[in-house]
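**Student:** One letter stands for each residue in the lines below.
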Amino acid sequence: MSYKMPMGPYHPGLEEPYKLEMICDGETICDARLHIGFNFRGIEHLAETRNYVQLIALMERVCGICSFIHTLTLCQALEQLTGVVPPPRALYVRVVMAELERLHSHVLWAGIAAKLMGFKTMFMACFAYREKVMDMLQAISGNRVNYSMNRIGGVNRDISDPEAILKMVEQLESEIARDLVPVFTSSFTARSRCAGVGILSHEKALSCGVVGPTARASGISQDLRRAAPYAAYAEMEFDVPVEAAGDVRARLLVRALELLESCRILRQALARLPSGDFNCGEPKLNFAAGTAISRVEAPRGEVLYSVSWVQNSRNPSRVHVRTPTYANMPAVRWMVQGARIADAPLIQASIDPCYSCTDR
Amino acid sequence: MTLVEALENLGVKKSLLDSSGVSWFTTENVDPRQLAESLLRHGARFITVTTHELPRGQGFRLEYLWDLDGRLLGFAFEVGNTMPSIFDICEAADWIEREIHEEFSIDFVGRSYEPLLLREGDRTGVNLREVTQ
Chain A
1 MSYKMPMGPY HPGLEEPYKL EMICDGETIC DARLHIGFNF RGIEHLAETR
51 NYVQLIALME RVCGICSFIH TLTLCQALEQ LTGVVPPPRA LYVRVVMAEL
101 ERLHSHVLWA GIAAKLMGFK TMFMACFAYR EKVMDMLQAI SGNRVNYSMN
151 RIGGVNRDIS DPEAILKMVE QLESEIARDL VPVFTSSFTA RSRCAGVGIL
201 SHEKALSCGV VGPTARASGI SQDLRRAAPY AAYAEMEFDV PVEAAGDVRA
251 RLLVRALELL ESCRILRQAL ARLPSGDFNC GEPKLNFAAG TAISRVEAPR
301 GEVLYSVSWV QNSRNPSRVH VRTPTYANMP AVRWMVQGAR IADAPLIQAS
351 IDPCYSCTDR
Chain B
361 MTLVEALENL GVKKSLLDSS GVSWFTTENV DPRQLAESLL RHGARFITVT
411 THELPRGQGF RLEYLWDLDG RLLGFAFEVG NTMPSIFDIC EAADWIEREI
461 HEEFSIDFVG RSYEPLLLRE GDRTGVNLRE VTQ
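Chains A and B supply the protein sequences, listed in that same order.
With the numbering used here applied, the first sequence covers 1 to 360.
With the numbering used here applied, the second sequence covers 361 to 493.
Any given hint could turn out to be false.
As the list claims (entries may be wrong) - Think about it this way: if two alpha-carbon atoms lie no more than 16 Å apart in a straight line, the pair counts; the simulated EDC-like pairs of lysine to aspartate or glutamate are:
(1) A:K204 to B:E474
(2) A:K19 to B:E474
(3) A:K19 to B:E480
(4) A:K204 to B:E480
(5) A:K132 to A:D158
These are computed hints drawn from the structure, not numbers from a lab.
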């Protein structure tokens, strides 16, 4: 006899509030329904009441992990509307910050995944790595969460000592390659808890339109840094890890390998940081009437901003944000079908969901 | 048949490439469901729909955004308060149709709704100007 089992909206197995209503038969999940909106803040509407200075500060708070990515995407759209072109050094600083944020996000996620696997030693190790990444972010921006780095026409702060950051990156890269990657790619614990669990087939991944590591773990080679380069990514050499299995282990592998690729990009960006200004100063900004669309490959996948402005307005007439979790979350329904109830927390966590982003 | 040829058969024509790098297409007299089917058949990925409320109660402009190998394709439809749903063709459109229904009270014909960002019984149209001003 089937029965319903709710998980959430407030549950120790969830990082943030959302509800997974599972229909189970014994220990097996037959189907599930997802409920979001518990954090709905109406930020898109609020954005229509803010000028461009306030707007950047507001959109930085859409997400606590990808705060840099959100302002980067927004500022790229605003730069299209104003015709301001950031100097080359600013584009490199943006790459450095974006990759540090990816490291931060992936290491944080790895820690939470380790905890859900019952591998709490690794959880502590991952959070120790995370501290090191946050130290780097703080060394550059002065902040550990909301970095206030992006502005129209560049960044607010320069990387004054790239060699020091480079040394920190190299140290972290060697530790990640030595300790974290092997644990997630070859340890018995990771394999036994993740292999064959929460499968999202290639066809279903295409049908659901999933993005980021979730898509790449289902065999979809899709990365905006490669397909539609922004900032200085066209000048970076890196690989896009893709796995075909579509299970939790594939998502783990993709992210573990992406950690190393991020370090590779960071080494290139820091070593080749162009000289010159890191922003355009205080140019007179004239917003063209119309809509600008910008996309960025966030740690969890594609973020899209559509920003519209009308003539002579102080505020945008519309700001629409499509976050990666918004695209990935509906696929959890298909991932949990046929899985054991005990695996549900790990499966939902395997897409690295952000409900703060999703609810906006 | 290439995507451009397939789109031309549906009556869609490329109008401009804007500064965002979006290729915008005209959609007058185009069936959005046939358009979605054609795009999916050619390997395009649905991204989202952005809704703009037109001034003086003239309805809405719905901008459907798709990705084709890194190229952003945009299709804008001007509608009243109904629009054919593409959810049964493209399941990736499920949440955004529900969200637009809740925020702008647009009815996507041919589907049912469960609450997404709002709760059961909440009033829809929370992002409409007449409600919020």
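**Student:** Check each numbered hint from earlier against the structure, then list the numbers of those it violates in ascending order.
**Tutor:** 1, 4, 5
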